[in-house]
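Asks: The residues making up each chain are set out below.
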Amino acid sequence: AQSVTQLGSHVSVSEGALVLLRCNYSSSVPPYLFWYVQYPNQGLQLLLKYTTGATLVKGINGFEAEFKKSETSFHLTKPSAHMSDAAEYFCAVTVRSSNTGKLIFGQGTTLQVKP
Amino acid sequence: EAGVTQFPSHSVIEKGQTVTLRCDPISGHDNLYWYRRVMGKEIKFLLHFVKESKQDESGMPNNRFLAERTGGTYSTLKVQPAELEDSGVYFCASSQVSDSEAFFGQGTRLTVV
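These protein sequence lines are chains X and F, in that order. Note that our numbering gives residue 72 to position 72 of the first sequence, counting from 1, and the numbers run on in steps of one. Note that our numbering gives residue 22 to position 22 of the second sequence, counting from 1, and the numbers run on in steps of one.
Just so you know, the hints here were simulated from the structure itself, not pulled from any lab data. Incorrect hints may appear among the rest.
[Stated by the list, open to error] Within a straight-line C-alpha distance of at most 25 Å, the following computed SDA-like cross-link-like pairs (lysine to any residue) qualify:
1) F:Lys41 - X:Tyr39
2) F:Lys44 - X:Tyr25
3) F:Lys54 - F:Pro81
Predicted model, so just to flag it, every value in this text is computed and none were measured.
The whole structure should be built from the sequences, with the hints applied where relevant.
Replies: Structural data, given as structure tokens:
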């Protein structure tokens with residue numbers, strides 16, 4: 001069975017500071033990993049994904065994440081937070097080569113950016 | 001190109017009533033998914049359609065929930081009768097193939113009072 005744990009339901013940073021949102025996963029088979037973002041009153045938008053290949057993945061809006069198999073982690077980072085980054089972020093996992101693309105989500109982390 | 005569209009955006013109903021949620025996927029997307037987020041909890045998978053067929057309905061909570069996708073286009077999710085614990089945000093997503101990016105709708109917020 002697969003599971004995802006996001007450490008910290010709320011993270012607060014100052015504008016310009018480093019953003020670090022933590023995600024650990026559990027999977028008995030090689031996973032595909034995702035980060036989604038939900039802005040207020042909008043649907044989930046894909047930020048980035050890891051499938052195979054390079055373990056450092058770059059996404060939209062300056063975000064990136066690194067797949068670390070030994071640590072079963074897929075933390076999301078951004079060097080400098082912007083006010084527009086305030087949103088809820090979800091880490092998710094799915095099984096490679098499955099006939100279903102169903103996602104297993106973490107609990108979500110709300111990012112607050114202070115001026 | 002239109003994204004995934006869900007109707008209604010909000011619904012407030014009384015316990016025991018019936019509610020039907022609708023999802024229009026992106027045109028040409030054979031895969032359609034329903035997810036639900038109960039307040040304070042994670043987003044959970046409900047079911048997956050490939051065209052009009054149910055590929056995986058392992059996440060459906062009980063037989064008060066019925067999902068259909070007649071003709072392989074839009075999908076409906078009916079809750080009958082609704083219970084208080086059914087309150088939450090229901091998301092729909094679609095993708096071209098099962099392991100490609102899933103695009104999400106804005107969700108339907110269901111409140112059962």
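Asks: Hint by hint, note whether the structure agrees.
Replies: Results of checking the hints against the structure:
no.	hint	in the structure
1	F:Lys41 - X:Tyr39	18 Å, holds
2	F:Lys44 - X:Tyr25	16 Å, holds
3	F:Lys54 - F:Pro81	22 Å, holds
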